[in-house]
Amino acid sequence: MSGLNLIASYPRSGNTWVRALLTALMRGDGSLNINALEGPIASDRSFFDDALEVETSDLLPDEQRRLRPLAHRAVPPQKRSFPIKTHDAWLPAPGAAEPPFPREAVGAVVLIIRDPRDVAPSFATYYGVTVDEAIAWMARPELSIGNSTQGLRPQLPQLVSSWTAHTASWLDSGLNLTRVRYEDLLAAPLPTFTAIARAFGQSAPPDLLASAIDASRFDRLQAAETREGFRESSPEAPNRFFGAGTAGGWRQRLTAAQANRILRDHGPMMRDLGYED
106 MSGLNLIASY PRSGNTWVRA LLTALMRGDG SLNINALEGP IASDRSFFDD ALEVETSDLL
166 PDEQRRLRPL AHRAVPPQKR SFPIKTHDAW LPAPGAAEPP FPREAVGAVV LIIRDPRDVA
226 PSFATYYGVT VDEAIAWMAR PELSIGNSTQ GLRPQLPQLV SSWTAHTASW LDSGLNLTRV
286 RYEDLLAAPL PTFTAIARAF GQSAPPDLLA SAIDASRFDR LQAAETREGF RESSPEAPNR
346 FFGAGTAGGW RQRLTAAQAN RILRDHGPMM RDLGYED
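In case it helps, our numbering puts the sequence shown at residues 106 to 382.
It is possible that part of the hints are untrue.
To be verified - What follows is a set of in silico ranges between Cβ atoms, one per label pair, in the way DEER data are often shown: (1) PRO246 to ALA328: 17 to 25 Å; (2) GLY306 to ALA141: 29 to 37 Å; (3) ASP312 to SER186: 20 to 28 Å; (4) ALA293 to LEU165: 43 to 51 Å.
Bear in mind the hints are in silico, worked out from the structure with no lab data behind them. Ideal placement from N, C-alpha and C gives every residue a C-beta, glycine not left out.
Work the whole structure out from these sequences, hints included.
And the structure:
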């Protein structure tokens with residue numbers, strides 16, 4: 106596949122876990138350094154600077170949004186081998202004429218989807234807000250992350266939109282897309298990870314896939330983060346990036362009112378994806 110391969114997800118939905126799985130598979134020896142995960146992050150400032158040979162620090166946010174599609178068109182073929190992480194919705198950001206990933210530049214997309222009731226408390230921890238605030242953010246069509254004006258942050262602004270709009274934008278994109286539920290990757294890791302690898306044109310024997318799955322267990326990721334720190338953790342929650350890696354924890358972490366609010370905000374899409382109870 107000559108186009109860009111993307112791991113797309115709403116924030117706190119398992120994107121980095123999938124990167125860890127693919128990194129461990131590529132290494133093939135059962136080892137995994139969480140601070141040396143393969144593949145670029147689409148919103149990474151240095152990724153943009155290298156692709157366009159400009160300094161984003163010299164550009165206004167609106168200029169950065171307009172130029173991001175050009176940056177993705179400019180990625181040379183030799184740098185397209187490993188999938189790119191993105192939290193962007195497949196929507197034009199304010200001031201941009203097209204989504205950040207032009208259709209003709211995309212090879213394959215694996216879209217990781219997670220129950221928004223589990224996303225909300227994880228989102229709250231990562232961004233240092235209350236669960237109620239996280240739920241409100243996740244319902245905002247205009248939600249953008251990476252907008253801090255406090256110094257030069259490593260990430261550029263990203264339009265993630267609401268959970269429903271983000272999910273719909275990718276599902277309705279018409280791109281070469283494989284949909285993966287976080288819950289299915291937890292419950293049936295081998296067949297689900299096999300499907301992810303195949304979507305990106307990778308084939309591996311079951312023993313190597315199983316070894317990568319073992320190396321990327323959440324208890325191992327948590328232990329490594331406690332021991333070494335994790336460079337992608339949030340300033341608001343240092344070294345708390347990797348959670349328990351469970352499904353259905355919202356039942357203990359959300360009040361009934363909070364769970365009902367999420368159902369009101371996202372019920373139709375949740376039902377379409379099997380998140381009904």
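Okay, the hints, checked on the actual structure:
1. PRO246 to ALA328: 17 to 25 Å: The hint (17 to 25 Å, Cβ to Cβ) is violated, given that PRO246 and ALA328 are roughly 38 Å apart.
2. GLY306 to ALA141: 29 to 37 Å: 23 Å, violated
3. ASP312 to SER186: 20 to 28 Å: 23 Å, holds
4. ALA293 to LEU165: 43 to 51 Å: The hint (43 to 51 Å, Cβ to Cβ) holds, given that ALA293 and LEU165 are roughly 46 Å apart.
Checked against the numbered hints above, the structure breaks hints 1, 2 and satisfies the rest.
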